[in-house]
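Enquirer: Based on the provided sequences and hints, a complete structural model is requested.
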Amino acid sequence: NAGVTQTPKFRVLKTGQSMTLLCAQDMNHEYMYWYRQDPGMGLRLIHYSVGEGTTAKGEVPDGYNVSRLKKQNFLLGLESAAPSQTSVYFCASASPTAETQYFGPGTRLLVL
Amino acid sequence: QKEVEQDPGPLSVPEGAIVSLNCTYSNSAFQYFMWYRQYSRKGPELLMYTYSSGNKEDGRFTAQVDKSSKYISLFIRDSQPSDSATYLCAMSAHGNFNKFYFGSGTKLNVKP
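Residue numbers (my numbering), protein chains in the order written: chain C, 85 to 196; chain E, 59 to 170.
Don't read these hints as lab results, they were simulated from the structure. Everything numeric in this text was worked out from a predicted model, so none of it was measured. Worth double-checking, as some hints may not be accurate.
[Claimed, not checked] When the alpha-carbon atoms are kept at most 30 Å apart in a straight line, the in silico DSS-like pairs for lysine-lysine are as follows: (1) E:Lys-114 / E:Lys-169; (2) C:Lys-141 / E:Lys-60; (3) C:Lys-98 / E:Lys-100; (4) C:Lys-141 / E:Lys-128.
Expert: Have a look at this one:
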């Protein structure tokens, strides 16, 4: 039981490049989330999904897209990376009653 | 005003001290309260979870919720250097499972 896993762990991008962050969970959770964490800002919700095939915008969705084609996977895409997207990205999943969340180890992204 | 306020610290204590970490919130609809521990360069891990008011104890950790004051606390007894981490509080309202509100985290340093 790996819990929530994220790939890659670290990535450097140039401005304008694209990339996809992958999140996988093996807890059969319905809900999945993408957050970014910046110093002094805490965790901010980018997008979330309440089930396979569904996605919704969070607090800071601009510049990101997501897809949830399979229940266990939640992908976060950056179509044209900007330096403001330099951050640590965390994926989380929530139990069926959604009382709490379980986080992945994070992806550190540096956009030059 | 932020939904959840948390003193960022840092909080520095000697080994063996009792540590008190706190958060205040403004939304009276919050029913679920969580504490996460985040080690440097790692993802948040769930430490304690409580529903509604009252206390919950788990080993050296005690979580306390005072809904009348909109105030939650995490107490760590006999603190250890291994407790050095950032502690995040989080909360959500019943039935609104896409919204988990996080504090910005308190950095704790336990000195040997």
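Enquirer: Now tell me if each hint is right for this structure.
Expert: Here is how each hint holds up against the structure:
About 26 Å separates the Cα atoms of E:Lys-114 and E:Lys-169, which keeps this hinted pair within 30 Å; it holds. Straight-line distance between C-alpha atoms of C:Lys-141 and E:Lys-60 comes to about 19 Å, which keeps the hinted pair within the 30 Å bound. The straight-line distance between the Cα atoms of C:Lys-98 and E:Lys-100 is roughly 24 Å, inside the 30 Å bound, and the hint therefore holds. In summary, the hint linking C:Lys-141 to E:Lys-128 is supported, as the alpha carbons are separated by about 28 Å, within the 30 Å threshold.
Violated hints: none; the structure is consistent with every hint.
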